[in-house]
Amino acid sequence: MTSQPFVAMNQIDKSFNGVPVLKNVTLEVEKGEIHALLGENGAGKSTLMNILGGIHQPDSGQVFIEGKQVTMANPHISQAHGISFIHQELNMVNDLKVYENMFLGSEIRNKAGFLNVEEMCRQTREILAELGVFLNPKEYVRNLATSYKQLIEISKALLHKSQLIIMDEPTTSLAEHEVGRLFELMRNLKKSGVSIIYISHKLKEIQAVCDRYTVLRDGQLVKTDSMQAGNLEEITKLMVGKAISQERFVHGHEFGDMALEVERLSSPGLFQDIDFTVRKGQIVGFTGLAGDGRTELFESLFGYRKKYTGIIKVKGKAMKITHPRTALQAGMGYVPKDRKENAIIKDLSVVHNMSLSSMGNFERWGFIQDKRELEKFSSYKKALNIKVANPRITIDKLSGGNQQKVIIAKWLEADTDILIFDNPTQGIDVGAKQEIYQEILELAKLGKAIIILSSEAPEVLRICHVINVMYHGEITARFIGDETNEEEIMHYATGAKREGEHIG
Amino acid sequence: MDNINTKEYSPESPSMKSRLSWLWSEYSVIIAFIIIFIAASVMNPRFLDINNQLNILMQVSIIGIIALGMTVVMLSGGIDLSVGSVLALAGVISVLALNASGSILIGVFTALLVGAFAGFLNGLMVAKGRIASFIATLGMMAAARSIALYIAEGGSVSGEVSGFTAIANNNVWIFDLPVLIFFAMAVLIYIVMHKTRFGRYVYALGSNEKAAMLSAIRVDRIKIGVYTLIGTLVGVAAVIETSRLNSISSSSSGAQYELDAIAAVIIGGTRMTGGRGKIIGTIFGILILGILNNMMNLMNVSPHLQGFVKGLIIIIAVVFQKRE
Chain A
1 MTSQPFVAMN QIDKSFNGVP VLKNVTLEVE KGEIHALLGE NGAGKSTLMN ILGGIHQPDS
61 GQVFIEGKQV TMANPHISQA HGISFIHQEL NMVNDLKVYE NMFLGSEIRN KAGFLNVEEM
121 CRQTREILAE LGVFLNPKEY VRNLATSYKQ LIEISKALLH KSQLIIMDEP TTSLAEHEVG
181 RLFELMRNLK KSGVSIIYIS HKLKEIQAVC DRYTVLRDGQ LVKTDSMQAG NLEEITKLMV
241 GKAISQERFV HGHEFGDMAL EVERLSSPGL FQDIDFTVRK GQIVGFTGLA GDGRTELFES
301 LFGYRKKYTG IIKVKGKAMK ITHPRTALQA GMGYVPKDRK ENAIIKDLSV VHNMSLSSMG
361 NFERWGFIQD KRELEKFSSY KKALNIKVAN PRITIDKLSG GNQQKVIIAK WLEADTDILI
421 FDNPTQGIDV GAKQEIYQEI LELAKLGKAI IILSSEAPEV LRICHVINVM YHGEITARFI
481 GDETNEEEIM HYATGAKREG EHIG
Chain B
1001 MDNINTKEYS PESPSMKSRL SWLWSEYSVI IAFIIIFIAA SVMNPRFLDI NNQLNILMQV
1061 SIIGIIALGM TVVMLSGGID LSVGSVLALA GVISVLALNA SGSILIGVFT ALLVGAFAGF
1121 LNGLMVAKGR IASFIATLGM MAAARSIALY IAEGGSVSGE VSGFTAIANN NVWIFDLPVL
1181 IFFAMAVLIY IVMHKTRFGR YVYALGSNEK AAMLSAIRVD RIKIGVYTLI GTLVGVAAVI
1241 ETSRLNSISS SSSGAQYELD AIAAVIIGGT RMTGGRGKII GTIFGILILG ILNNMMNLMN
1301 VSPHLQGFVK GLIIIIAVVF QKRE
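Order-wise, the sequence lines are chains A and B.
Per my numbering, the first sequence runs over residues 1 to 504.
Per my numbering, the second sequence runs over residues 1001 to 1324.
One should not assume that every hint holds.
Listed next, the stretches of chain A that the computed footprint assigns to chain B, with coverage defined by at least 3 CB atoms under 8 Å from CB atoms of chain B [as the list claims (entries may be wrong)]: (1) 110 to 123; (2) 340 to 348; (3) 361 to 375.
In case anyone wonders, no lab produced these hints; they're calculated from the structure.
Bear in mind the structure is a predicted one, so any value in this text is a computation, not a measurement.
Where is the CB? At the ideal position from N, CA and C, for every residue including glycine.
So that you can see chain B by itself, here it is in the shape it has in the complex (with noise of 0.2 Å):
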């Protein structure tokens, strides 16, 4: 506290300290990135392989979008645990759509609208229902699974037109497609979060809700809003899940992502309690993870071992943030 002070009333002389103590705060995970990444490359030559940087890329991606839609949920207060059901449920209605239709749009349209959708009853719940948003969002997790599950008869779904397999296995350039969708998703959320008021008022209401409320800001449709926002990027991440192998599984897909992408938020330094956080914290998040996947993998660890070290780098992550 007294640094800060130190720092913003007199930046003409700010102490050694204070300066380190004020870049480790605000830039952590990006320094927290740097090691992990020099570390990798020291450890394997081949993790600086071209194609294995892009081949990480391809592997956040999808998680990746998620994420930056979890990180709009947890800034303003809440969660959304529903995010890998609702990718299966929106996979497989979309898929019946584009088989049934014949349309690639109509396919792509269909699981926009099934996520938005799912995001906008979460939203009801949460803003309207006073639901607190990991009951909501856990009701809807399971609900939206159970559904997928119906709907394809616990099995898979597979497309039946062609050209649709190209949304994630084209490039354009170096990058695999999905990655450019990644990235334009997390430029289009920065403007979002930064330079619209419902960014701003995101932020407020995970601030402080009260006061948010009585600077007469209608808190109820900004809840609405955000989980509708994160529901439609679930939608367009359940395009590139099923487009990659042209099939969705309504019992597998999307499993655990939810634990993922809350991973990546928190480790990307956003507070679990709302009002703080960066997007671009939740891009390295997200990358620090691929990282560590691909390192173990290239090392052979056991894929039973994975999810210990993630576990561990999460905890270790909140651990060092936790000095405010």
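Next up, chain A with everything else stripped away, as it sits in the complex (with noise of 0.2 Å):
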């Protein structure tokens, strides 16, 4: 090798609870490249790069900067060895001003020792200027646009006069027009030497900004190449892997009735012009990339939030879906995503949680039958195989897949015809997985509608009778489950294909 990489990863190997994350991952990013790092979900990209960034320690495997072997034991170090890290999420103070944010730690200050306010502006109007971004620097945060924030973000990266910055998704809040900037000056800073690691879905910018790839896939390095034109099918392909397509789940029953019909649903900045419609029996699959508004779109449908318009039919009946009390009339279930959040609540025991939807089943004039309610839970305790010794127990000592299915027993108790699943085995190991599925193929075929909303393309192919792929508000693509692959899904999801085929 005639010059040494500026990093170089060595072997890294990482697990999290017994469960590998990384192995055997190599990675060498040289002087002045801009390198992506390619993945799906749950890749070990974010890893990898926490590792870099001193977040995380490797189990095994080592970290050479410019040759020399560093431990990255904190973030500091990470960045006294010029490595900077620009997160998704955006971590800006909004209650303080631009340059407070830019300059929040390093703050300059005169011989006084106060704050040197000029001299902290001037820089950061110079260094947003060469973004093309012409703000006041006494601006506060907070009544700045996202795309604003993002730039703010990458320009701290640049005030600390960094060797390698790494870049997740910056580019998912920027307009068009921004994201052409901020390539240019990618370019410029290649030009002056300093690296540049970038994380990103979406093929097609990664192609024109790219020099170099690297490809993870489970935990494992697929292939490091240099980026030539046209070879993004393969790409993809690499991604995606081959042998991930596991054996389909679906099986072909006969559908009954329409239970759910939705026309020109939209809601301004979240969703727009959503037809579709499930019947009775049917498992609809919704899938697409952060941001797609699929969420957003199902807590609408469920009434919890309230600004939309369209028409919403329930077993052909128009309704007005005006709170999540109205939806369980209308005889809609929801288990939402981020189970910690928005579905479990700790403080309460397994058992009422289980009923909380549903307490009418569970009274006798007017007062809770604990005896009912504890009978109830063993016979879902045991139809849905929930481990636990004492219900009475608060649920937030169960394991994530316990805990999913207490929810999911929730709505069976609450018996309702439509269940929405928002990424329902987000957190949970594969044995659950396979239950959980399994008991939403069990509840197709005794004729509840069903609608899965996933951010993982393969667990949409795997049960899915329709798929449904969104971007940006969008429904790009609607497939039959068993023509199409991720491949495909992947291309709609990601914007690179609009409009497909029309199927249903």
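Both chains come to you apart, so use the hints to assemble them.
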């Protein structure tokens, strides 16, 4: 090798709670190159970058910077080596001004020890101008649009004279011309010898700006190669992998009557012109990348969000759904994503979480019958294989899979005809995942109309009869479950292709 | 966390330490009560006198009734600062109604109605107006006091119907009637919180409002119900307060009752942010406050210093409960 790579990560291994996340991964980034790091959700990209950023420690393997071995014990050491990490979520303090955010933690002070506001403002203005942004440094961040916040986040990394900048999906909230400017800047940085690791799902962007790429899949290195024009297809294939499509769960059974019809459902800024139907016994999937609007769509459908227009027909009858309670009365159940924030009541016991949405089933003369609750729970415990010794303990002490089963039991008890599952297997181990898929299928066979939202394309491919792909609040494609594959879904989810064949 | 798991999953072999820590976390307020009770009986023999004991109960009954409601509000994740002012307002208006009608029943009913209505307004502001409960009830605190002062022209109003004072000054066996009312309310609220869906929803709402709403609970109605409930209990407390001296002062009655009620709830182990806590904890919390007041009186501690001791106890209680 003629020149040393700026960063070399050698044979990195990392497991969380005994689950291997990275297996023998090697990554080299040259000085002055833009290196794309690719892979699906859960491929191990973030973990690898967190190791480089000093947030996690590798179980084994070494990190070299300019040929010297270093231990990234904490984020400060990583920063001292000239590495900046621009996270996907914005780390801005909304109540501070632009320049205060830029210099947070590294304020410039004059000799007397007071803040040198003028100098900080001057530098802020200069750096933002490089990005083609002209902002008053004394503007409060909360008054700025998200894209500006993202640009400020990027400027912050520039301010620290970084040698290597890690960008995790930096363009999610940028407009097209801003993306163009960002790429311009990245090319300039490259010329001045700064290296960039660029994480994105948007393959087109990667092709436009990156020199080389590394693909991770299931925690393993798949390929590192230089970026050549026209091999996007190949990269998609590498990301998805061939062996991944496991056997499909779906079995052919007759669908019943129309359960849910949605026409022209729109909510400004969240989703537009959504049309779809679900029959009894049918499993309909929705997938897409972060920010595609599918969660907002179904939160609206379930009455949690109220600002929407369009027609919702349940069993042929037009309904105005204004509250989750009216949704329940119309016959809809909703297992939300982010179980901890949206689904479980952590201070209530397992039994009480189960009965929460259907208290009427357990009352006599207006008083709750504890015994009836417990009896009902033990029948669900058996049916869904919920592992809990004492159902009176609070639900937060259960594992993720068992918590999810309790939430499913809650909606089974409410006995709705339509069930919406949002990321039903989020943070659940493989065994429990299988059981949940099985249960969903059983429900469909019993004639329930099922809707599944998932960020994982393989998941909807495995269990859905119909798959809708969403991008930026619109349905960009609709497929019959066994007539598509992950690659195709990815094309529509990333916006690389639009308006596919509409079936059904 | 680990200790709790051990307890739950292998009940046959709980370690001594985990059992102690469980006992402490579940019943710390009762243990504290027993310690303070024993300390008080050792320090002053007059403390154990039955009349003194009954006196303590009588003294805590009014704040106790309010604290029951405060527990419900705080379990829902809110707070009600307006209880003292609403008590004065309900008292003043009920005395006017009593005197005008000559009917004790109408007087009592008016107090309950005024309290419930003020609570309902608080609930509307919190649930529909999405105003933080601290702010909404702070506003009500100022407004209710002001209206009471205006109606009574800054002074006191006295009852002119004979028999009204019997409510607070009669005994049943050895107990004063207010004490029995307090006990009855405690049982009532306990049943509401643990045996009805309203109580279940209050816990759910205080623990995780979004999840409660996504569980198809009408969160807004529950909130309005919670504030209306405490308002009604304040009405009950106002009847006792008025009946005790057959008069109510628009300027000083109920002053700082909110602090004592909140203190009792906090000492009783209810979490400030809601979702966790017990009615029984609040009852012992109010008894601890009552014993402390009583002891300081018996030992001739300057009344000016009593607030200091109370403050200290509240802070100590919270420090000990912080060990989650």
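Against which earlier hints does the structure fall short, listed by number upward? Of the numbered hints given earlier, the structure breaks just one, which is hint 1.
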